[in-house]
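Here the protein sequences come in this chain order: A and B.
Note that our numbering has the first sequence beginning at 1, numbered continuously upward.
Note that our numbering has the second sequence beginning at 1001, numbered continuously upward.
Rather than coming from a laboratory, the hints here were simulated on the basis of the structure.
There could be a bad hint or two in this list.
EDC-like mimics (lysine to aspartate or glutamate), calculated; alpha carbons at most 20 angstroms apart, straight line [said to hold, decoys possible]:
1) B:Lys-1159 - A:Glu-70
2) B:Lys-1159 - A:Glu-79
3) A:Lys-100 - A:Glu-57
4) A:Lys-95 - B:Glu-1120
5) B:Lys-1161 - A:Glu-102
6) B:Lys-1159 - B:Glu-1120
7) B:Lys-1078 - A:Glu-70
8) B:Lys-1161 - A:Glu-79
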Amino acid sequence: MLYLVSVIDDQTGSATPTEMAAIDTFNNQLEADGHWVFAGGLASPSTATVIDNRNGEPVLTDGPFLESKEYLAGFWVIEAPDLDVALRLAAEGSKNCNRKVEVRPFL
Amino acid sequence: MGGVQEAITRAHHEEWARVVASLTRRFGDLDIAEEAAAEAFATAVARWPLEGVPPNPGAWLTTTANRKAIDRIRRENKRDDKQREAQMLYDDDPPDPLGAIDDERLRLIFTCCHPALAMEARVALTLRMVGGLTVPEIARAFLVQETTMGQRITRAKAKIKAARIPYRVPSAEDLPARASGVLAVLFLVFNEGYLATGPDTDPVRHDLTAEAIRLTRLIHALMPEDGEVTGLLALMLLTEARGTARVSASGELVPLDEQDRGSWDAALIAEGHRLVRERLAAGEAPGRYQILAAINAVHTSAPEARDTDWSQVVALYDQLVRLDPSPIVALNRAIAVAELDGPEVALATVDRLEDRLAGYHAYHATRADLLRRLGRSQKSRAAYDLAIELAGNTAETAYLTRRRDQLGT
Chain A
1 MLYLVSVIDD
11 QTGSATPTEM
21 AAIDTFNNQL
31 EADGHWVFAG
41 GLASPSTATV
51 IDNRNGEPVL
61 TDGPFLESKE
71 YLAGFWVIEA
81 PDLDVALRLA
91 AEGSKNCNRK
101 VEVRPFL
Chain B
1001 MGGVQEAITR
1011 AHHEEWARVV
1021 ASLTRRFGDL
1031 DIAEEAAAEA
1041 FATAVARWPL
1051 EGVPPNPGAW
1061 LTTTANRKAI
1071 DRIRRENKRD
1081 DKQREAQMLY
1091 DDDPPDPLGA
1101 IDDERLRLIF
1111 TCCHPALAME
1121 ARVALTLRMV
1131 GGLTVPEIAR
1141 AFLVQETTMG
1151 QRITRAKAKI
1161 KAARIPYRVP
1171 SAEDLPARAS
1181 GVLAVLFLVF
1191 NEGYLATGPD
1201 TDPVRHDLTA
1211 EAIRLTRLIH
1221 ALMPEDGEVT
1231 GLLALMLLTE
1241 ARGTARVSAS
1251 GELVPLDEQD
1261 RGSWDAALIA
1271 EGHRLVRERL
1281 AAGEAPGRYQ
1291 ILAAINAVHT
1301 SAPEARDTDW
1311 SQVVALYDQL
1321 VRLDPSPIVA
1331 LNRAIAVAEL
1341 DGPEVALATV
1351 DRLEDRLAGY
1361 HAYHATRADL
1371 LRRLGRSQKS
1381 RAAYDLAIEL
1391 AGNTAETAYL
1401 TRRRDQLGT
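Produce the entire structure from the sequences given, and follow the hints as far as they go.
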């Protein structure tokens, strides 16, 4: 079962070197235990561009599709047998990256 | 006929959770289990009066429900085999090393009370799947629309499936925290019955307190060694025992020291005391429910209010404060201190809680009472006003109003 663990942030400053080191260690552990699928950090929402090409003519909008105080700053995709395991890993992830996270199952 | 009706009610109480749990286990789907169990009971209602009560009602219901579930799965499999399989509840199911608590109903309870579900969803789901209450009954109990309650339960079941909340008893290391989550759900149901809120609500809802006690008895039977489960059951029994004495014929709350102790339920008190003694004999450090039960045991041991061993009550609250430093515990401790050291000392403690409890009716009711006993009528009246404004229980409002109106000017 795949879960998306979204990192929720409310500031533009990215992770500190200490946080980065903790995240690396955590990622290595995820890999060693067979939970790792993919992970990445994202640039700030102000760098986003929304494209709507539903009508054949791509319309570009500068900025994120949703303006909010809190936004997606990064994510993990993890493999876990059930929500209890996913929540345990996400709790570790939250501690290591020092941010709130949201856990959502893939369909 | 009366016998059959009774047999059906008894079977519903005793077998509902077992049927739902075993079907969930077998078919990996709460929805199918719930629907098939409901159909099996409906079949019993239709057939038992004509054919007689089967010798083993539980086995009959399980077999019937299994058949209903298989019928439904056959119908659905024709439609969409793969999707259903993908959504089966996850159950990795190694035989449980905990032995004593390996009962299917426990899996059901822990799944319904999973911390990833909102508290109100846990309460609703537990009452439906474990308690066997119907959606309209649960909706009435919590004063919400039936459709709202139906959606709440549907949404919770969908989340359990989609997010793969496991159907199992938590591992030994998670068990204490998860068990306390289950007890929180049951305590909430009990309190909603005992301190029912709402202007048009009976002050004590015995349907809810009885259901909470029944479910707690079930958990106690499944986890007899767990001290906090025993403690919560004792606490509920000792509280319920005073239920009828707590509201007067005219619908007014009767405080503990004015209650007719002869009308307390002696059997419930005896059972509660026995459970508290059992925990004392175990010699383990008690958790909060055990301490609260012990406090209630002290109260219910006193033949008259003036016989209450207040130093014992305060000592137990001291113990509770160390576990739970919440302002509400501190407020209740102060009420006991007033009996031991006088209202002046208690008031000083209570006043320090204002920042955190200014929106809580019991804070103002306590102050009002202490100020009244100190002869500070004007301040007392103001505190009663605030308490009345904030209180949600009809019997309590009536009591506070009378007390306020008795104050001299």
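Hint check:
1. B:Lys-1159 - A:Glu-70: violated (24 angstroms)
2. B:Lys-1159 - A:Glu-79: holds (18 angstroms)
3. A:Lys-100 - A:Glu-57: violated (38 angstroms)
4. A:Lys-95 - B:Glu-1120: violated (28 angstroms)
5. B:Lys-1161 - A:Glu-102: Since the Cα atoms of B:Lys-1161 and A:Glu-102 sit roughly 18 angstroms apart, the hinted pair holds (cutoff 20 angstroms).
6. B:Lys-1159 - B:Glu-1120: At roughly 14 angstroms apart (the allowed maximum being 20 angstroms), B:Glu-1120 and B:Lys-1159 satisfy the hint.
7. B:Lys-1078 - A:Glu-70: Not satisfied, since the Cα-Cα distance of roughly 45 angstroms exceeds 20 angstroms.
8. B:Lys-1161 - A:Glu-79: holds (17 angstroms)
Comparing the model with each numbered hint stated earlier shows that hints 1, 3, 4 and 7 do not hold.
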